[in-house]
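**Student:** Here is how the chains run, residue by residue.
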Amino acid sequence: DAGVIQSPRHEVTEMGQEVTLRCKPISGHNSLFWYRQTMMRGLELLIYFNNNVPIDDSGMPEDRFSAKMPNASFSTLKIQPSEPRDSAVYFCASSLELGYNEQFFGPGTRLTVL
Amino acid sequence: DAKTTQPPSMDCAEGRAANLPCNHSTISGNEYVYWYRQIHSQGPQYIIHGLKNNETNEMASLIITEDRKSSTLILPHATLRDTAVYYCIVRVLGNNAGNMLTFGGGTRLMVKP
Numbered sequence: 026d027a028g029v030i031q032s033p034r035h036e037v038t039e040m041g042q043e044v045t046l047r048c049k050p051i052s053g054h055n056s057l058f059w060y061r062q063t064m065m066r067g068l069e070l071l072i073y074f075n076n077n078v079p080i081d082d083s084g085m086p087e088d089r090f091s092a093k094m095p096n097a098s099f100s101t102l103k104i105q106p107s108e109p110r111d112s113a114v115y116f117c118a119s120s121l122e123l124g125y126n127e128q129f130f131g132p133g134t135r136l137t138v139l
Numbered sequence: 065d066a067k068t069t070q071p072p073s074m075d076c077a078e079g080r081a082a083n084l085p086c087n088h089s090t091i092s093g094n095e096y097v098y099w100y101r102q103i104h105s106q107g108p109q110y111i112i113h114g115l116k117n118n119e120t121n122e123m124a125s126l127i128i129t130e131d132r133k134s135s136t137l138i139l140p141h142a143t144l145r146d147t148a149v150y151y152c153i154v155r156v157l158g159n160n161a162g163n164m165l166t167f168g169g170g171t172r173l174m175v176k177p
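From first to last, the protein sequence lines are chains A and B.
Each residue of the first sequence is one higher than the one before, starting from 26 at the first, in this note's numbering.
Each residue of the second sequence is one higher than the one before, starting from 65 at the first, in this note's numbering.
One or more of the hints may lead you astray.
[Stated by the list, open to error] A few chain A residues that don't get close to chain B, going by computed Cβ distances all over 12 Å: (1) R34; (2) E36; (3) G41; (4) G53; (5) T101; (6) P109; (7) R110; (8) S112; (9) R135; (10) V138.
[Said to hold, decoys possible] Covered stretches of chain A, as calculated for chain B (at least 3 residues, CB under 8 Å): (11) 72-86; (12) 92-98.
Calculated directly from the structure, the hints in this document are not laboratory data.
All residues carry an ideal CB built from backbone N, CA and C; glycine is no exception.
Next comes chain B alone, as it looks inside the complex:
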């Protein structure tokens, strides 16, 4: 899987949009971008994924650049409960060993009142 680069930490004011960037400059055409988050003392939680089109669900929006070399996860109205480590992962879908999730360091998002 292509490597990803994320800032180690970010702050966001409560109620404002949190924009979490991820660089994946070596991504290949069949690799998806996945986002998970891990709230303190809990297991990771799936947020959203996409291939090349922007995606939105009840939790967040995912914006992927046209060249697919970077993406941004957007939490439109961050709350204190969104404080967590956010992981950006690129992967090919499939049941080979290399298709499994590989977690990097992630971005520690602190939402402040």
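Chain A with its partners taken away, still in its complex shape:
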């Protein structure tokens, strides 16, 4: 298996633009997680899905952030409009079963908002 796939790996955009981050979980995994990592706040859980259904989005910082999982093999994290403070590395992770198995992380998307 190729592991968790994220795209793009790097994104540079200007303030106010819409940003869409993409994630393909490991095939057969039922749970998907989105994290954000910054120097100031470390690694934070934003939202997670189980069987394509969002379970907890309490970590999403603002309404500018939204996430979807239209099917078992694809998820998006969207920021609209983006702001410089959204600059971070965004990780997607998947696990076999929610809360019972180790999580496998993707390589991350480094987002820079100018």
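Fit chain B to the supplied structure of chain A, relying on the hints for placement.
**Tutor:** This is chain B only, laid out in the frame that chain A set:
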């Protein structure tokens, strides 16, 4: 989840054992100890986990004290590629919101030649 305390940084000589401590004095009986690591510019990677017995896999060994208030992750023969931030996390298994991984500051391990 119980809080964990880890030293912010440690050095280890290449080829020697790296022993990374973690204190979790308020751990409850149903909380597991998990270890992840994050190599620079990569996503976190699962290493090992345990409840009360010592565990070993191809990557590392996990030693949990009898009272479960602390644990040690052991990399038996550290290599330069083991340079990373190591996170110790305690969690209850289950699908409630509080059962998800919570990453603290971790220990930055520097393996030196």
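**Student:** Closer than 8 Å, Cβ to Cβ, for at least three residues: run that test on the stretch 92-98 of chain A against chain B and report holds or violated.
**Tutor:** With 0 residues in contact (Cβ-Cβ under 8 Å with chain B), the coverage given for the stretch 92-98 of chain A is violated.
**Student:** The output says A/G53 does not contact chain B. Does that hold with a beta carbon cutoff of 12 Å?
**Tutor:** holds (17 Å)
**Student:** Within the stretch 72-86 of chain A, is the number of residues with a Cβ closer than 8 Å to a Cβ of chain B three or more?
**Tutor:** With 5 residues close enough to chain B, the hint holds.
**Student:** When you look at the beta carbon of A/R34, is every beta carbon of chain B farther off than 12 Å?
**Tutor:** violated (10 Å)
**Student:** Per the stated criterion, does the least C-beta distance between A/E36 and chain B lie above 12 Å, as a non-interface residue requires?
**Tutor:** A/E36 clear of chain B: closest Cβ-Cβ about 15 Å, beyond 12 Å.
**Student:** Take a quick look at A/P109 and tell me if its Cβ sits farther than 12 Å from every Cβ on chain B, holds or violated.
**Tutor:** Holds, since 21 Å exceeds 12 Å.
**Student:** Would A/R135 pass as off the interface with chain B, using Cβ distances and a cut of 12 Å?
**Tutor:** At about 9 Å from chain B, A/R135 fails to clear the 12 Å cut-off, so the statement is violated.
**Student:** Examine each Cβ of chain B, and state whether all of them lie more than 12 Å from the Cβ of A/T101.
**Tutor:** holds (18 Å)
**Student:** Over 12 Å from every CB of chain B: does A/S112 meet that, or does the non-interface label fail?
**Tutor:** A/S112 clear of chain B: closest Cβ-Cβ about 16 Å, beyond 12 Å.
**Student:** Per the stated criterion, does the least C-beta distance between A/V138 and chain B lie above 12 Å, as a non-interface residue requires?
**Tutor:** holds (19 Å)
**Student:** A/R110: least C-beta distance to chain B exceeds 12 Å?
**Tutor:** holds (20 Å)
**Student:** Find the nearest Cβ of chain B to the Cβ of A/G41 and say whether that gap is larger than 12 Å.
**Tutor:** holds (28 Å)
The earlier numbered hints that this structure contradicts are 1, 9, 12.
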